[in-house]
Amino acid sequence: MGLIEAIILAVLAASTPLLLAATGELVTERAGVLNLGVEGMMIVGAACGFGGAWLSGSIIIGALCGIVAGVLMSLIFALMALGLAVNQVATGLALTILGVGLSGLIGARFVGEKISPAPHLYIPGLTDIPLVGRILFGEDAFVYLSLALVAGVWFFLYRTRAGLILRAAGDNHASAHALGYPVLRIRMFAVMFGGACAGLAGAYLPLAYTPFFIPGMTAGRGWIALALVVFASWLPGRLVIGAYLFGAVTILQLHAQGWGVGVPSQLMSALPYLATVIVLVLISRARTGGSTAPAALGTVFVPDR
Amino acid sequence: MQLVLEKRAERSNTIALVSPLIAIGLTLVTMSILFAILGKNPITALGVYFIDPLVDSYSLQEIAVKATPLVMIAIGLSLCYLANAWNIGAEGQFLIGAVAGSWLAVKTQGTDAGPWVLPAMMLLAAIGGALYALIPAICKVRFGASEILTSLMLVYVADLLLDYLVRGPWRDPKGFNFPTTAEFDPVATVPVLIEGGRLHLGGVIALVVVAAGAVLLGKTIKGFEIRVVGAAPRAARFGGFNSNQLILLTFAISGALAGLAGIIEVAGPVGHLQPGISPGYGFTAIIVAFLGRLNPVGILIAGLFLALTFIGGEQAQIAMKIPLDVTKVFQGILLFYVLACDSLILYRFKLIFASPKVSSGAH
Numbered sequence: 001m002g003l004i005e006a007i008i009l010a011v012l013a014a015s016t017p018l019l020l021a022a023t024g025e026l027v028t029e030r031a032g033v034l035n036l037g038v039e040g041m042m043i044v045g046a047a048c049g050f051g052g053a054w055l056s057g058s059i060i061i062g063a064l065c066g067i068v069a070g071v072l073m074s075l076i077f078a079l080m081a082l083g084l085a086v087n088q089v090a091t092g093l094a095l096t097i098l099g100v101g102l103s104g105l106i107g108a109r110f111v112g113e114k115i116s117p118a119p120h121l122y123i124p125g126l127t128d129i130p131l132v133g134r135i136l137f138g139e140d141a142f143v144y145l146s147l148a149l150v151a152g153v154w155f156f157l158y159r160t161r162a163g164l165i166l167r168a169a170g171d172n173h174a175s176a177h178a179l180g181y182p183v184l185r186i187r188m189f190a191v192m193f194g195g196a197c198a199g200l201a202g203a204y205l206p207l208a209y210t211p212f213f214i215p216g217m218t219a220g221r222g223w224i225a226l227a228l229v230v231f232a233s234w235l236p237g238r239l240v241i242g243a244y245l246f247g248a249v250t251i252l253q254l255h256a257q258g259w260g261v262g263v264p265s266q267l268m269s270a271l272p273y274l275a276t277v278i279v280l281v282l283i284s285r286a287r288t289g290g291s292t293a294p295a296a297l298g299t300v301f302v303p304d305r
Numbered sequence: 001m002q003l004v005l006e007k008r009a010e011r012s013n014t015i016a017l018v019s020p021l022i023a024i025g026l027t028l029v030t031m032s033i034l035f036a037i038l039g040k041n042p043i044t045a046l047g048v049y050f051i052d053p054l055v056d057s058y059s060l061q062e063i064a065v066k067a068t069p070l071v072m073i074a075i076g077l078s079l080c081y082l083a084n085a086w087n088i089g090a091e092g093q094f095l096i097g098a099v100a101g102s103w104l105a106v107k108t109q110g111t112d113a114g115p116w117v118l119p120a121m122m123l124l125a126a127i128g129g130a131l132y133a134l135i136p137a138i139c140k141v142r143f144g145a146s147e148i149l150t151s152l153m154l155v156y157v158a159d160l161l162l163d164y165l166v167r168g169p170w171r172d173p174k175g176f177n178f179p180t181t182a183e184f185d186p187v188a189t190v191p192v193l194i195e196g197g198r199l200h201l202g203g204v205i206a207l208v209v210v211a212a213g214a215v216l217l218g219k220t221i222k223g224f225e226i227r228v229v230g231a232a233p234r235a236a237r238f239g240g241f242n243s244n245q246l247i248l249l250t251f252a253i254s255g256a257l258a259g260l261a262g263i264i265e266v267a268g269p270v271g272h273l274q275p276g277i278s279p280g281y282g283f284t285a286i287i288v289a290f291l292g293r294l295n296p297v298g299i300l301i302a303g304l305f306l307a308l309t310f311i312g313g314e315q316a317q318i319a320m321k322i323p324l325d326v327t328k329v330f331q332g333i334l335l336f337y338v339l340a341c342d343s344l345i346l347y348r349f350k351l352i353f354a355s356p357k358v359s360s361g362a363h
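Chains as they are written, first to last, in this note's numbering: chain E, 1 to 305; chain S, 1 to 363.
By construction, these hints were calculated from the structure, which means they are not laboratory data. Don't take every hint at face value.
As the list claims (entries may be wrong) - Covered stretches of chain S, going by a simulated chain E footprint (3 or more residues, C-beta under 8 Å):
1) 154 to 165
2) 258 to 269
3) 284 to 297
4) 335 to 343
To be verified - Calculated Cβ distances over 10 Å to all of chain S for the following chain E residues:
5) E5
6) I7
7) G57
8) P130
9) L147
10) F155
11) L252
12) S284
Glycine is no exception: its CB is placed at the ideal position from the N, C-alpha and C atoms.
Produce the complete structure using the sequences and hints provided.
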């Protein structure tokens, strides 16, 4: 396997959790809800996903545990932000603080354990094609799933009536409510979808990326996913570009450290975070005069009767 | 039958007063359940957590020491949150303040520098923290970039910068390769208040910060502008208040306070610069700010309470083998309950008995 091939494979693997989490958050935000708790949902998903896989010996059960954990976390958020009309920024922060603690508590007994990571696809003939074979036909299932998910979300948002209603709830909740749509219920499902995706994204880390669990292993990926949604201007297609760009930055800095470039390793490790700041500035600057954010993003809605 | 939220005609002052207490009560109940799940006696565990630290003088001093950074950071954050500016990167500003102040301590080490060193370190730390906080604020004001995400990203960057410095240029040559600077000279150390005790000058500074915060918010035009911009942005625009300027101001103040807290922690209880100087003070301070209802005196009380959970958590780990993460879970749950109870100041629950389908049929 050539070096370039290895790097591309690593980039795809590093990008997948970002893409999964960002896709979920994109749907949540399109419904008008800003859930800043992605990091918290991811880290609990990672702990529960690894726990499930280690106890059952099945990657699929592990992934399901991650999804369920993410949904349960998101339901706490929904109860607070939708049911009790609490400020969404503060609730999201609380979710992340709680998630970091919970994952440490749940994951403590799994630290130091190992599982066999998610298998990679192998189609005789196709996967053996030089250069592109392994990249196109030799990934783990999550990589394909994440891309299918983006396509599915695009189709849902722009080609189905339900997607149109969801976007309406996110752009103008008062109008959507006046038309008789259950804004809060729509938003709750959107938040739960975001939780499922974040939980799965978190579970991907110990199930496929590194086959063990360490506390705090999400390392800010949930926050980067939030930034990716802004980068993508809330459009699913651009999310793929953004996620792979960030994956590339992550992997390249790792390789640069390995090549012994004359730069402190800490500076290289800081690159993904610095890149996020720079990208946010550039994107926000290019968008002066009319934001593409859902108009009702982050606002509280209490239906008046 | 359906339970719905309904806006109150006016905010309930009774609930505003008791809501933090209700929140703490609900948190204790939840924690008891969690302790029972972990197989510990809930009563004993709560005793170790919340009563034991209050009965010996060492722990009492330790609570004040831990509350010092929490209160100082939270006062700054409350200004931001009142102005509806979301600085969640106080942890990073705390670390940069520690780094900026430590620079002078490292440079003057072993020289016969006078007692001006410590005040100069504090000044540098405040400036460092303020400048670091101004990065997300300027990105927000000039380019419209979300200050939530940029300020949080800069926490990781600050963490890595500190790590680089203590492993590289500032490492103590006699430190057996441990990632730490040498112990600071006495002139670069925050003095303790009582000989042999843990309580240090930082506690007094924190009280001054609380008083200054109360004056700023209660007695000055700037404080009024901060509150109006957050609570009624339209009214603030009509009033000619410059919201961008207030974002810059509140970020700068909160960064300066976080930075000051950082150098006080390093030059005080820790005594040298090393990684892991903060057990998440910058994030816990967010909880302190909300539990204290964004009010300086409330923040002082909330800071002492959260400091108690840090000490109690350590004691529970030693005495009952309860994992330290329980403290984080506790803090997260507490913030949830605080926010939920605050919601009841503006809203109330109402039971609706008629089927909602009937009323919506009229549309």
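Structure-based check of all given hints:
1. Given a C-beta distance limit of less than 8 Å, the hint that chain E covers the stretch 154 to 165 of chain S holds, as 7 residues qualify and 3 suffice.
2. Counting residues of the stretch 258 to 269 of chain S whose beta carbon lies closer than 8 Å to any beta carbon of chain E gives 0, which falls short of the minimum of three for the stated coverage.
3. Only residues whose beta carbon comes within less than 8 Å of a beta carbon in chain E count, and the stretch 284 to 297 of chain S has 3; three or more means the coverage holds.
4. Counting residues of the stretch 335 to 343 of chain S whose CB lies closer than 8 Å to any CB of chain E gives 6, so the stated coverage by that chain holds, three being the minimum.
5. Every beta carbon of chain S lies more than 10 Å from that of E5 (chain E), the smallest distance being close to 30 Å; the non-interface claim holds.
6. Interface exclusion of I7 (chain E) from chain S stands, the closest Cβ pair being 23 Å apart, more than 10 Å.
7. Distance check for G57 (chain E) against chain S: the nearest CB is about 25 Å away, which clears 10 Å, and the non-interface claim stands.
8. The Cβ of P130 (chain E) sits about 39 Å from the closest Cβ of chain S, beyond the 10 Å cut-off, so the non-interface label holds.
9. With a least beta-carbon separation of about 25 Å from chain S, L147 (chain E) lies farther than 10 Å from that chain, consistent with its non-interface assignment.
10. Once the 10 Å rule is applied to beta carbons, F155 (chain E) is consistent with being away from chain S; the minimum gap is 28 Å.
11. Once the 10 Å rule is applied to beta carbons, L252 (chain E) is consistent with being away from chain S; the minimum gap is 17 Å.
12. At roughly 4 Å, the least C-beta separation between S284 (chain E) and chain S is not larger than 10 Å, which violates its mark as non-interface.
Violated hints, in rising order: 2, 12; the structure is consistent with all others.
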